[in-house]
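Q: We have chain W; now place chain R onto it with these hints.
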Amino acid sequence: MKIVIAGCGGVGGTIAEQLVQEGHAVTVIERDNKVLQNVTSRIDAMGIQGNCTSIAVQDEAGVKNADLLIAVTNHDEVNMLTCLIARKIGRCQTIARVRSPQYFNEIGYIRDELGLSMAVNPEYAAAQEMARLIQIPSALEVDSFAKGHVNMIKVEIPEGSILDQMKIMDFRSKVGDDALVCIVEHDQEVYIPNGSSVFHAGDKISVTMPIYAMNAFLTKIGIKAKSIKRVMIAGGGKLGYYLAHILLDARIQVKIVERSEERCVELSDLLPKAMIIHGEATDKQLLLEEDVESMDSVVAATDQDEENLLMALYAHKVTDAKVITRINRLSIGEVIGDLSVGSVVTPMNITAGYIIRYVRSMQNSYGSNVETLYRLVDNKVEALEFIVGENAKVMKDTLANLNIRKDVMVCCISRHKKVIRPGGQDQIQAGDSVIVVTTRPGLNGIDEILD
Amino acid sequence: MNYQILRYILGLILIFEAVFLLLPGLVAAIYGEPCGWWFLATAAVVVLIGFALRIKKPTNMQFHGREGLVLVSMSWILISLISAVPMTISGVVPSYIDALFEMVSGFTTTGASALTSVEHLPHAINFWRCFSNWNGGMGVIVFIMMIIPKAASNANMYLMRAESPGPSFGKLVPKLKTTARTLYLMYIGLTLIQLILLLCGGLSFFESLCIAMATAGTGGFGIRDTGFSMYSSYVQIVVTVFMFLFGVNFKFYFLLIMRKIKEAFAIEEVFWYTILFAVASILIAIDIFPIAGTIGGSLKHASFQVATVMTTTGFATMDFNAWPIFSQVLLVLLMFVGACAGSTGGGMKVSRFIIYIKSALKEMATLLHPNSVKKIKMDGKIIDHETIRSANIYLIIYVMLMAVSIIIVSLDQFDLVTTVTSVIATFNNIGPGLGAVGPAGNFHSLSILSKLVLIFDMLTGRLEIFPIVILFVRDTWKK
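Protein sequence lines correspond, in order, to chains W and R.
Quick note on our numbering: the first sequence kicks off at 1 and runs consecutively.
Quick note on our numbering: the second sequence kicks off at 1 and runs consecutively.
Excised from the complex, chain W in its bound form (with noise of 0.2 Å):
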């Protein structure tokens, strides 16, 4: 697909790589020359310097032939503008990025009246990847499918837990019908586990389930789940404002630690329900005083990598709550591996991941749109969830019949509601939403899953 990008910061150039990758033709609109410079000469994309509210720079770009235009320059306003322009002179499908608050609150008429086709918010879906996290404190990630009735749960195999040693083909008599193990991280290694397949303690694996059968299951292998009352969040910006109105909303005490006393204001104003304190989120002294020690949950989410490192390390050590922490640029993941830091969020990410997905279903032929795309360790593994259109050719037979490739594994299937556990002698359904893990990243539709 012919896919135009305005703004190539830290989220276009992230969008732009993986859309390459995905072999589609991209075009970037980027108004400094050195930054363009630099992913045109490290991505195979074309690069166009200018002004992206430009019709000239637009027309340029070929705006009038693509399919897609993906606005993600650093202010909202040009953003929108640059999808209404390309709206008006192409036939183009537009994306934009909003992020500010106040337009975020009335992005639905924003959306029809500038006919954008969506809008991502990195921060606002980061903050729902760390409520989400926040609520089942034992996960090291939570994915949602399924509009929330299914999670798909990554959690690290304790000392002692029957897990350890266990063979995948008790798992079901030993542990239980609802819960299905799609992913084994074991030392360096990723892989979908097949019957022979042995959990260790230390391993890290990612299990779906029903919403309803988790806190069963975490206790079934050792987990011990509490639940999260009082949280504190460093860094008042709009992924910790977007933070604590949704845990607020929860009951959830929030404490925000912000540097900027002008922000600070400006928050008390906004959360009144939230406790705010001025100061630097890196100051220990400040934080003994805030009583850290006791919080349930701590989260680093100021905009410097850094300084979320630095603090999260310093909340493990000092407490022993559920410490999440924001990290902005990728190459850092690598690195920070080995480090107690808790739960990484990456809004950055997350944000690609919806682009994505959404560049996956228009290019989908089948109508088995991708609902749900989610891209986890390290881009390794591709979760994603289906809904099964009239004409797919998965429903032809039971899965057992069906020749499905190796690398992929159906994890669940959701029909009206209820969770089914795919076994051999189940078969999909038209309208059923399906979740499939694969370790080949790329899938468009449900029928590629056949070998």
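Calculated from the structure, these hints are not laboratory results.
Model, not experiment: these values are computed from the prediction.
Glycine included, every Cβ here is placed at the ideal spot set by N, Cα and C.
Zero decoy hints are in this set.
Each pair of labels, with its calculated beta carbon distance range:
(1) R/Val473 <-> W/Gln37: 22 to 28 Å
(2) W/Asn105 <-> R/Thr59: 50 to 56 Å
(3) W/Ser100 <-> R/Asn60: 43 to 49 Å
(4) W/Ser268 <-> R/Lys374: 47 to 53 Å
(5) R/Gly65 <-> W/Leu270: 46 to 52 Å
(6) R/Arg389 <-> W/Ile55: 31 to 37 Å
For lysine-lysine, the following DSBU-like pairs were computed, each having C-alpha atoms within a straight-line distance of at most 30 Å:
(7) W/Lys284 <-> W/Lys229
(8) R/Lys260 <-> W/Lys88
(9) W/Lys88 <-> R/Lys381
(10) W/Lys64 <-> R/Lys260
(11) W/Lys88 <-> W/Lys64
(12) W/Lys2 <-> R/Lys262
(13) W/Lys220 <-> W/Lys167
(14) W/Lys147 <-> W/Lys204
(15) W/Lys204 <-> W/Lys406
(16) W/Lys147 <-> W/Lys380
(17) R/Lys374 <-> R/Lys358
(18) R/Lys377 <-> W/Lys34
(19) W/Lys406 <-> W/Lys174
(20) R/Lys260 <-> R/Lys375
(21) W/Lys64 <-> R/Lys377
(22) W/Lys2 <-> R/Lys381
(23) R/Lys478 <-> W/Lys34
(24) W/Lys34 <-> R/Lys479
(25) R/Lys358 <-> W/Lys34
(26) R/Lys57 <-> W/Lys406
(27) R/Lys262 <-> W/Lys64
(28) W/Lys380 <-> R/Lys56
(29) R/Lys375 <-> W/Lys34
(30) R/Lys177 <-> W/Lys34
(31) R/Lys260 <-> W/Lys34
(32) R/Lys56 <-> W/Lys406
(33) R/Lys381 <-> W/Lys64
(34) W/Lys2 <-> R/Lys260
(35) W/Lys34 <-> R/Lys374
(36) R/Lys177 <-> W/Lys2
(37) W/Lys380 <-> R/Lys57
(38) W/Lys34 <-> R/Lys381
(39) W/Lys34 <-> R/Lys362
(40) W/Lys64 <-> R/Lys177
A: Chain R alone, transformed into the frame defined by chain W:
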């Protein structure tokens, strides 16, 4: 330097070279010429070496600008070395150095010949010479790139940037592979049109094909000892027009095809290229009127000669050694200018000259108004400082290398004009110079040392200096 990946991709390039070698083998089969077997034998050996190099997949797939530059220059050297082998072992060109000179001259689209007579060469060899012109014109690696999938993560991009001529590299479409394909499609299309027009002029298919390929690559190899003087006026005019067309930046044609007529004609480089061509043709036509006799004749010869020199093709309808000095000087100066960037022509490129002249004007404006702020623009866009700096450095190294080459060639004791123009004509990939290496002469009488120097000059000129020069920097080869 990632040696593994160099080996791996070089293997692929060798396999392609083997495929190319089959083509003259085919021509030899048609004409029943024994030298064809040697082409096939060379192809067989090359393909084996190619596959041997690719047996082990590299563990390290890192590919950066450095590897791109080295790989491009190494492929060009290797391809030339191999292409010359069947010419020598078949006994057609007894001296390997002469054969190498001929093939480097072919692939770099220089068209300078070290052979005394080409009319009696086997068809296969003549085809091979002209094919090398055609292949080298748009680029050997660009050709390979449009066929293969990505060689390594970013390899293709760095390779294409290193091979394509001009001060900066611009894509036509977002994807590199599509860009390469679009370029070659336009190239093949134009070549076919010329081929058909030549056939209409009554030439044989083989001769038309050779001329079309040599024109398209702006190479300049001919298959007649008398050059173009014996062809009809129709053929001469067709070739003039097509030489001019192949010297135009291919972006121009792309924009025309996309129906962006206004943008196409707004390319400054194409504008100045046309003006330069027209003015020089008229001036020379006036100058040679006494020799040519008629207005039409002098215009025809003048425009042919200006086109051949500006686009660095190097055909000749007349021996311009006999022309007035004014015309000779004008032609030598045009040799430096060259064709447009992004065309198949060589030389310094019109766009670099535009940058030089604009920088000079800006410098003068700064002397008069020290506090004025002014950016150099081309096609309505600011040229960034990096491009200007790299164009300036290009000029400096260009002059230095040329000076050193002239000093070495001067050891051969030819006259000044021959010595200087032999270097100018090879470095700028034109072909014939003046004096003993003029259109009526050839490079046969030069010493081996001079031929080696000129081989180096041709490669350096075609690849625009930097890829070849960095081969001599020690830092390049560090692990």
